Each structure stands twice: as structure tokens, then as C-alpha cells.
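Enquirer: Protein sequence lines, in the order shown, are assigned to chains A and B. FYI, my numbering numbers position 35 of the first sequence as 35, with every residue one higher than the one before it. FYI, my numbering numbers position 116 of the second sequence as 194, with every residue one higher than the one before it.
Just so you know, not all the hints are guaranteed correct.
Stated by the list, open to error - Derived DSSO-like pairs: lysine-lysine, alpha-carbon spacing no greater than 30 Å straight-line:
{"#": "1", "chain 1": "A", "residue 1": "K76", "chain 2": "A", "residue 2": "K23"}
{"#": "2", "chain 1": "B", "residue 1": "K154", "chain 2": "B", "residue 2": "K187"}
{"#": "3", "chain 1": "A", "residue 1": "K48", "chain 2": "B", "residue 2": "K87"}
{"#": "4", "chain 1": "B", "residue 1": "K187", "chain 2": "A", "residue 2": "K47"}
{"#": "5", "chain 1": "A", "residue 1": "K23", "chain 2": "B", "residue 2": "K87"}
{"#": "6", "chain 1": "B", "residue 1": "K87", "chain 2": "A", "residue 2": "K77"}
{"#": "7", "chain 1": "A", "residue 1": "K67", "chain 2": "B", "residue 2": "K184"}
{"#": "8", "chain 1": "B", "residue 1": "K154", "chain 2": "A", "residue 2": "K77"}
{"#": "9", "chain 1": "A", "residue 1": "K8", "chain 2": "A", "residue 2": "K48"}
{"#": "10", "chain 1": "B", "residue 1": "K87", "chain 2": "A", "residue 2": "K47"}
{"#": "11", "chain 1": "A", "residue 1": "K47", "chain 2": "B", "residue 2": "K148"}
{"#": "12", "chain 1": "A", "residue 1": "K47", "chain 2": "A", "residue 2": "K77"}
{"#": "13", "chain 1": "B", "residue 1": "K84", "chain 2": "A", "residue 2": "K38"}
Don't read these hints as lab results, they were simulated from the structure. These numbers were taken from a predicted model, which means no experiment stands behind them.
What follows is the residue order along each chain.
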Amino acid sequence: MSEIQIDKELDCRGMSCPLPVLKTKKAVSDMTAGQVLKMTCTDQGSKKDMPSWSERTGNPILSSEEKEGEFTFWIKKA
Amino acid sequence: MSGEQKQKKVALIASQGTLDWCYPPLIMASAAASMDMEVKMFYTFYGLPVLTKNFTAKVAPATNPAMPMKMPFGPKWFQNINWPMPNLLTGLVPGFESVATGLMKKTFKNNGVATVEELRDLCMEIGVEFLACQMTVDVFGYQKEDFIEGVTFAGAAAFMDYASEADVQLFT
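So here's chain A without its partners, still in its complex pose (with noise of 0.2 Å):
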């Protein structure tokens, strides 16, 4: 995924729910439109939690991967 320029990285392996969603929120709400945030997790939840945070809040994830057990979001702010 080296070809998504990011913007910011958030780290929020070993964090539980709803602390992934939480912080990636508040990451988000700090950038400007456009920009990417890449996060990385090892909450399990975070599968199908970050899609229906990704819908509801309008932004979205441009790709995603699944890696010995951590799970990273390219996210671009709507």
C-alpha cells in the first residue's frame, strides 16, 4: 500500500474497543479534507467496526489489510 501518501499515522495495537473507533475519530477531526490516516489495531472488532464507522460518518477507507494479526485502515477524510 506504499503508494497511498499518508498523512498521519495513528497506533492503537493492544487497545480494545471502543478505543480504535474512539481515536481514529478523534485523529480524523484534527486533519483537513483529503488527507489520509493510516491506523493500525489488533482489535478483532475493528473488521467490522471501522467499515460501519467508515458509513456512517462519510470517510472513506481506501484500502485495508489484514497481517499477523493486525489490522491497518488508509483512511481518507471526507
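Following the hints, complete the assembly by docking chain B onto the known chain A.
Expert: Quick look at chain B alone, frame taken from chain A:
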């Protein structure tokens, strides 16, 4: 929030004050607020102390027989044992609640769960509104100074007025 949609409203009642029961409404509230919903939480009865300064919640194993009794330390096989606890022990042995509370807090910490106070403060930061039940404040003899900054004091009618137009209403 996607522009054309009307902002969703969430009305939550939080009536419980044990450590385990402080979590569900705060988790739902923070998730909802993170999703750009307007959230108001009505803290009443034993939920009310959650909004006070210096609040410390405990678990009550005697009244929650389904509570897992597992050790948050040692090798994996040991941590996986769910210790059988007769009610005589959970209900009558002095200090059992404190020990169980300590173990539960450690378990939460090991799993990256925010503390109740952290979650409450994060909720406030992202715009969740906390309503303290005025009746409970009066009945149990609380003072306004006992509460954290930003709490609104209100009655059932004020909350129901909001709840009647909310998209989600939850009682916990």
C-alpha cells in the same frame, strides 16, 4: 457525517454503578459519538456516582454468577481456568469484592480496555452530554460540587423530551 443525512440522536439511560456495568453505556455512547451521532446519557440511581469526582467502581460477584473468575497472570493454561466460586465465598467473605475488583481491573488493563474514568472523560471530549438525575442527586444527598465539570442536572421529563425524538434509546 455524510451531508444529506440528518444527524442521528442517541438517548442512553445508565442506572448501574458496578465496575462491569459502568462499561456498556459508556462504550455505546463513545462509539455513537465517534460516528457523529448526538448522544445524551441520563445517569440515574446507582449510575449517578459515575459522574462524581473520585469515583471508584467495584464488581459484585455475588450477584453476578456468570462473571468469569479467571486469573490475569501466570501461564496461559492457568489464566484459562474459570475458578468455581461458591456464593458463600463471593457473598460473605470480607474483602472478596475488593480482590475480585482488583483482578477484574487487571484483566481489563491486560486487554487494553480503557478505565471507566478514561472512557467517561473521552466521551465528554467528543461531545457526549451527561445528564445527572436531579431526583437521585436529592434523594441520595449529593452536592453539585461532588460532580465532574460539564454535567447537566435534569429530570425525567427533560430526558424523555429528548428521547422521544431520538433514533436510538437504550436502558442499561
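Enquirer: State for each hint whether it applies.
Expert: Hint by hint, here is what the structure shows:
1. With a CA separation close to 15 Å, the supplied pair A:K76 and A:K23 stays within the 30 Å bound.
2. Distance restraint check for B:K154 and B:K187: the Cα-Cα separation of roughly 16 Å lies within the 30 Å cut-off, and the hinted pair is therefore satisfied.
3. For the given pair, A:K48 sits about 22 Å from B:K87 by alpha-carbon distance, which is consistent with the 30 Å threshold.
4. Between B:K187 and A:K47 the CA atoms are separated by roughly 22 Å; this keeps the pair inside 30 Å, and the hint holds.
5. Note on A:K23 and B:K87: the hinted pairing holds, with a Cα-Cα distance of about 21 Å set against a maximum of 30 Å.
6. Restraint check for B:K87 and A:K77: satisfied, since their Cα atoms lie roughly 23 Å apart, inside the 30 Å limit.
7. At most 30 Å may separate the alpha-carbon atoms for a hinted pair to count; A:K67 and B:K184 meet this at roughly 28 Å.
8. For the suggested pair B:K154 and A:K77, the alpha carbons sit about 41 Å apart, so the restraint of at most 30 Å is broken.
9. Between A:K8 and A:K48 the CA atoms are separated by roughly 22 Å; this keeps the pair inside 30 Å, and the hint holds.
10. With a C-alpha separation of about 25 Å, the suggested pair B:K87 and A:K47 falls inside the 30 Å cut-off, and the hint holds.
11. Using a Cα cut-off of 30 Å, the hinted pair A:K47 and B:K148 holds, with the two alpha carbons roughly 27 Å apart.
12. A C-alpha spacing of about 19 Å is found between A:K47 and A:K77, which places the hinted pair at or below 30 Å, so the restraint holds.
13. Of the supplied pair hints, the one linking B:K84 and A:K38 holds, its CA atoms being roughly 28 Å apart against a limit of 30 Å.
Hint compliance for this structure: hint 8 alone is broken.
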